[in-house]
Every structure is written in C-alpha cells, then in structure tokens.
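A.B. asks: Whenever a hint applies, use it, and build me the whole structure from the sequences.
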Amino acid sequence: MLKPGQIAVVGAAESTKIGVVPELSQIGLHADAALNAMADAKLKPTDIDGLACVGPMMPQQVAHYLGIIPKWVDGTGVGGCSFMLHVRHAAAAIAAGYCTTVLITHGESGKSRVGATPRPPEPESLAGQFEMPYGPFGPPTLFPIPVLRYMKERGVTDEDLATVAVVQREWAGKNPRAMYRDPITVADVLNSRMIAYPMRILECCLVTDGGGALILTSADRAKDFPQKPVYILGTGESVESTMVSQMEDFTSSRAFRVAGPTAIQAAGISHADVDHLMIYDAFAHLPLYGLEDLGFCERGEAAGFIRERNTAPGGKLPLNTNGGGLSYTHTGMYGMFALQESVRQMRGTAPAQVEGAEIGVCHGVGGMFSASGTVVFSNQRP
Amino acid sequence: MLAPGRAKPKPTPETRHFWDGTKGGKLLLQRCGDTGRAFFPPRPFSPYTGSRNVSVFEASGRAKLYSYVIHNRPVPGFTPPYAIAVVELEEGPRMMTNIVGCEQTPEALVLDMPLQVAFEPLDEEITLPLFRPAKESA
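These protein sequence lines are chains H and Z, in that order. Here this note's numbering is used: position 106 in the first sequence is 106, and no number is missing along the way. Here this note's numbering is used: position 132 in the second sequence is 132, and no number is missing along the way.
Since the hints were made in silico from the structure, they are not lab data. Possibly wrong hints are sitting among the right ones.
[Unchecked claim] Derived lysine to aspartate or glutamate pairs resembling DMTMM-like cross-links, with alpha carbons at most 25 Å apart:
(1) H:152 x Z:107
(2) Z:64 x H:248
(3) Z:26 x H:124
(4) H:174 x H:153
(5) Z:23 x Z:107
(6) Z:10 x Z:124
(7) Z:23 x H:158
(8) H:152 x Z:103
(9) Z:8 x Z:107
(10) Z:8 x H:122
(11) Z:23 x H:122
(12) Z:64 x H:158
The structure presented is a predicted model; accordingly, all values stated were derived computationally and were not measured.
C.D. replies: See the structure below:
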C-alpha cells in the first residue's frame, strides 16, 4: 500500500471556459484543460509520460492530439467518478516506476454536444432488457429511483432534499464561475418544475460543457514545481451494478461504503480531521447518502446535519464549496470538477476558501450509484 | 398490446428462458442450489456463491412497491405522468417495472402496497412483466 503523501498533484486547471462552450468539441475541451494544467505546472507535452482519461479509445485520441508519448495509460471509464480512480491508479503507477508524470484529462460537450461520444442503447445488455423497457430517460429518471425508499426509511422530507440545493446555492453565490449564483429558498426549490417525482429541477444537476485536467508526480519531485503541492493521502474505489434497480440497499451505496472508508483508512486520518469535503452531487440526495456512507454522519442523520448548517458557509464541515453539480457546473462526468475544487481548497486559492483547510476528502459517484472513487488530499506532507 | 415506442429488450442465450416465460404468462426466477436464495436478473450461475448449481422456478407474481419516480416528460411509448417503479418480489429479488391499473400519483402509489404481476405484450415476440395493485388491497 502507498504511504500517505508519496504522490502529489502539481498541476490542476479547468478549461478556460465552462458552461456553454459550443466553440470547442469534446476533444478540444480535453486539450484546452490539459494545456492549462501544463501551464500551471510549467510542463510541456513532452514532459508527460503517463496519461489517463475516460475510454474507450480516448487515451489514444488525447495522446496523439496533444503530442504525448505515454509509457502508461489508463482508460478506466466507470462514469463521473472515473477521475478519482485515475488518480488512484496513477499514484500506484508512479510509485511502481511505470511513469513519472501523469496527466489526467476530462472534456465533455455535455450541453452543446459537439463531437460528443454517443451513448447508444444496448437492447441486449441487462439494463437494456430489464430497465429500459419501463421508460427511464436518462439520469433524472434513474438516479432518484431509490429516493422514496430512503425518505421513508430515514424519515427524510421534501424540505430536507430541497435544503441540500439551497445550501449549495449559498456556496455558488461566492463563486464567479458558478452557472447559478442567485440565492434560492426551500419554497423556490419545491415550487420549481417537477422532473421525476420526487425530484424538482433545482434538485437536478446542470448540463454544461467543460473540461479539467490534473498532473501528478512523486512528492519528492513535487517541491520543484511552481505550485504548492497537494499531497494524496489515501484513495479508494469500488463498483456495484449498472442497474440502479439492482442495488443491494436502496438507502445506502455499497460502492460508497467500500471506496470512502478505504480512502480514509489509507490516509490514516479520522473524520474529525477533515476540513473540507466534496461529495459528487448529481442530484440532491447524493450528499445525504455520501455523508452517511462515508461515516461523517450516522444513518438517518445526514438530512439534519445539513439542515443545521454544518455544511453551509461558516459550518464545521464545508461541503461542495464550488456550488456543486447543482449550481457550479456538470458536464456529465462532474468528478473532475470536484477534484479541481479540492485542489484549489488545498492550495488556498478557492473562491470560497475555507480558512486554514489542511485535509480535504473528495468523493465521486459514477453511473447511478454504479461506481465510486474517493481521494483524500492534504497540503501538508505527513 | 402496449403502446408502440418502448425500448425493446433483446434476449440473450442467458436470458431467453425469462422472456419465453413472460410470453407464456409465467414469471420465471432462478434459485441458487447451494443457498436456496432466489435471484434476478437471469444468469447461469449463482451471484451468491459462484456455483453453476442453479434452477429456474416460477415465481408467485406477488410483490410490493419498493420505490419509484413519476416521470413528467414525454418518452416514446409512454404518456406522462408515468411511474418507473421497482418492486420487491415475494421471493426476494427486485425488478424495475411499471404499475398499471392505478393512478400515477404519489397518493395512489404508496410504498409497500401489495402488487400482482400483469403480463402485457409489447409485440409478438416480447411480453413485459408489469404489476397492478393486488385485489385484496382494493
């Protein structure tokens, strides 16, 4: 097992523009973010010898497009948390000596759909046979399938779910790059358009264009880079099922319960040490599941924890401080943007900076509770 | 016959028996011979033990409403609002389905309400297992 702090992030950047970016194709967004991250680390494409991005066939496209000759590639594609897995795999590869400097890229023309990867239905797949005939139409109809069961068993209300969106909008209000910044109330959320009961549109993530990239190297090299290194203390990953109807427990994600605690344990920290938290919020229920499954709250306590403003500005556990997928941006695979915010918080450069933050946890979801990846960061090398 | 437009499942060798079953008015599950536990979706081995010692059996068709969303936007083959539901079968496994013979509202769709399978042909090849409120609850 890697020791906490052996590997560091030395380059991090988003695409120059996020939101509505029809002037760049999907691969153009990858490249724009990658060039920005290389500028951040003062590196050239020829300095990169490892590359990860969400496959299939994307590592080849991105490597050739950017002029990178990798000795190590990873095309892991398990949905929006793939980048957390890329960080984990890259850290192991650097430690093993397979490569020294890994670039992880994301680009997605989620809104404008320029050069976007099509997602064809596969009528022979298990989901194609046993879910698609019943009328699901994209994530808003699938991701919230377990929510009513969660609400019934936990005693969670519509107001509790709406509060997640309200609090995150408070964070977004501090962030000039957030797509939605105007304050909202619980009543605004409950009166917003019903998409798939019980989820209203203000409880669903945005659909945007954008990209992001990270550069990782060994902690020993990291001190020679221009930016303050952000050390990787621990990581975790897991998968469950591509079919939300088949998740083992509708009130808890098994993939979360494996990935989160694995990362926290590997980091050698306790929950009380965590100064800043990102939980991928494709929909308003995700932070509730994440807080409970990662062990920040007991089962049934997450809604109250948010209602009591523990995760809000000024609270003891600032959560989704960029505004999250609900208010900041969500290209389709938002995990890269959660990682970018964690890195900014550790560097001390976030628009809504948590003063004195030293340890951050970044937790991602892929598919509909289908995969998970967690990374624990710190600006202090243990 | 269901309204045209729904995504049509394409059976594979491992799932063919399930779709043959629904066409004949039977809901077929599989059971792990080692643990006695039922499972779904179909596969030629046990997800509990990895053993190939499995058998096919006919389920009772009794279920309860486990969770759902009510979709408010048009999708080919559906008239909104319509519920996309997950039911828990009496034998244990859960499956996605639609609820028929019932208003598609939160008031009418109460979690844990008893349901009974209702076979609805999609076309000449495929029949879908949908569910309706059980008579005793009416």
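A.B. asks: Against this structure, judge whether each hint is valid.
C.D. replies: The hints, checked one at a time:
no.: 1; hint: H:152 x Z:107; in the structure: 14 Å, holds
no.: 2; hint: Z:64 x H:248; in the structure: 17 Å, holds
no.: 3; hint: Z:26 x H:124; in the structure: 21 Å, holds
no.: 4; hint: H:174 x H:153; in the structure: 35 Å, violated
no.: 5; hint: Z:23 x Z:107; in the structure: 32 Å, violated
no.: 6; hint: Z:10 x Z:124; in the structure: 13 Å, holds
no.: 7; hint: Z:23 x H:158; in the structure: 40 Å, violated
no.: 8; hint: H:152 x Z:103; in the structure: 20 Å, holds
no.: 9; hint: Z:8 x Z:107; in the structure: 30 Å, violated
no.: 10; hint: Z:8 x H:122; in the structure: 10 Å, holds
no.: 11; hint: Z:23 x H:122; in the structure: 22 Å, holds
no.: 12; hint: Z:64 x H:158; in the structure: 23 Å, holds
In the structure shown, a violation is registered for the earlier hints numbered 4, 5, 7 and 9, in ascending order.
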